[in-house]
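A.B. asks: Quick mapping for you: the protein sequence lines, in order, are chains A and B.
Under the numbering used here, residue 476 is the last one in the first sequence; the count climbs by one each step, no gaps.
Under the numbering used here, residue 476 is the last one in the second sequence; the count climbs by one each step, no gaps.
There could be a bad hint or two in this list.
As the list claims (entries may be wrong) - Some residues of chain B that are not near chain A, with every Cβ distance over 10 Å (derived): (1) 351; (2) 361; (3) 383.
Stated by the list, open to error - Cut-off 27 Å, straight-line C-alpha distance, at most; resulting in silico cross-link-like pairs (DSSO-like, lysine-lysine): (4) B:421 x A:421; (5) B:421 x B:460; (6) A:421 x A:460; (7) A:397 x B:397; (8) A:460 x B:421; (9) A:351 x A:421; (10) A:460 x B:351; (11) B:351 x B:397; (12) A:397 x B:460.
As the list claims (entries may be wrong) - Residues from chain A that keep clear of chain B, each with C-beta distances beyond 12 Å, as calculated: (13) 346; (14) 355; (15) 363; (16) 365; (17) 366; (18) 367; (19) 375; (20) 376; (21) 412; (22) 419; (23) 442; (24) 443.
Note that these hints are calculated values from the structure, not bench results.
All of these numbers come straight from a predicted model, not from anything done at the bench.
Note that CB positions come from ideal geometry on N, CA and C, so glycine has one too.
Protein chains: 2
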Amino acid sequence: MNIQISSLTIGAVAKRVGVAIDTIRYYEREGLLPEPLRRASGYRSYGESTVAQLRFIRRAKDLGFTLDEIRELLALSADRQRGVKAVKQRAQQRLAAIEQRITELQRVRDGLAQLVESCPGHGKPEQCPILRALADEAKS
Amino acid sequence: MNIQISSLTIGAVAKRVGVAIDTIRYYEREGLLPEPLRRASGYRSYGESTVAQLRFIRRAKDLGFTLDEIRELLALSADRQRGVKAVKQRAQQRLAAIEQRITELQRVRDGLAQLVESCPGHGKPEQCPILRALADEAKS
DNA sequence: CTTGACTCTAGACCTAGATCAAGGGTCTAG
DNA sequence: CTAGACCCTTGATCTAGGTCTAGAGTCAAG
């Protein structure tokens, strides 16, 4: 299996995946995609597996993985020995990072919400709690 | 009031606020800080108000405001007519953006958490739910 | 007066993840 | 055969928010 049945131009791949042509070439340069076959003219010639791999990259990106991390995931997914264990570890790390970020943002949100609530929306700038909080030493 | 009592070098200001010297000059170029007085030698000479303004900028940045937004907040804080109302509006917008970002991240977290949970952490890559989710069409 | 720390300017460089431009070759429908 | 769409490479540019370098001048302690 894995015989190259179809032959797609870079534009066709881009259209299927919903990504720019330049992005595909960029990923190739960055080692996220293997170097494709070439036609006699020099045109890149892709098979369906590239489409799948590009979708993999896009989904991982949606999950917040960086391209560096995705490159690693791709390598791990090909590692039959330690692949799964390491993949799970990376996913757990990503999960922890996301949770930390959520916590930070919630703290920021709570602080800002309190300020917005306590601001009447009119009056002198000196009495605006938002401006005061920004200008003064933090109290809490 | 607002008489220049103290005279601080850029290094002294940087140290007090906990920010790099280059950053202060950068903020000046970007219009977030006014052009300071100069000594005869050309050295910038700052008063305490600059320290306060820098702290304002840092706190606003901690709340997730961009430098563009902070520049606007600084202008608004000097506007005795519409300042407070506009400041509150900007804060509300920032708050809404933060809440949206939190919601997005929670969605991502839930998806990733489910994958991590369902992955045994060993076995063949083809059976790893994380890799499968990345490689296959999204089901849900 | 010297030495070392500090400051000045202009401009280059950095990260991440692309995106665009220039100048040229290729493919395909009519 | 030609027009228009597509593809090639190399290298520049973009955003945001700085950071760093080079080369030169200044300040303060001893």
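A.B. asks: All hints, please: hold or fail.
C.D. replies: Right, here's what the structure says about each hint:
no. : hint          : result
1   : 351           : 17 Å, holds
2   : 361           : 22 Å, holds
3   : 383           : 15 Å, holds
4   : B:421 x A:421 : 54 Å, violated
5   : B:421 x B:460 : 60 Å, violated
6   : A:421 x A:460 : 60 Å, violated
7   : A:397 x B:397 : 26 Å, holds
8   : A:460 x B:421 : 10 Å, holds
9   : A:351 x A:421 : 34 Å, violated
10  : A:460 x B:351 : 32 Å, violated
11  : B:351 x B:397 : 18 Å, holds
12  : A:397 x B:460 : 23 Å, holds
13  : 346           : 21 Å, holds
14  : 355           : 15 Å, holds
15  : 363           : 15 Å, holds
16  : 365           : 22 Å, holds
17  : 366           : 18 Å, holds
18  : 367           : 17 Å, holds
19  : 375           : 27 Å, holds
20  : 376           : 32 Å, holds
21  : 412           : 8 Å, violated
22  : 419           : 5 Å, violated
23  : 442           : 6 Å, violated
24  : 443           : 10 Å, violated
Going down the numbered hints, you'll see the structure goes against 4, 5, 6, 9, 10, 21, 22, 23 and 24, while the others check out.
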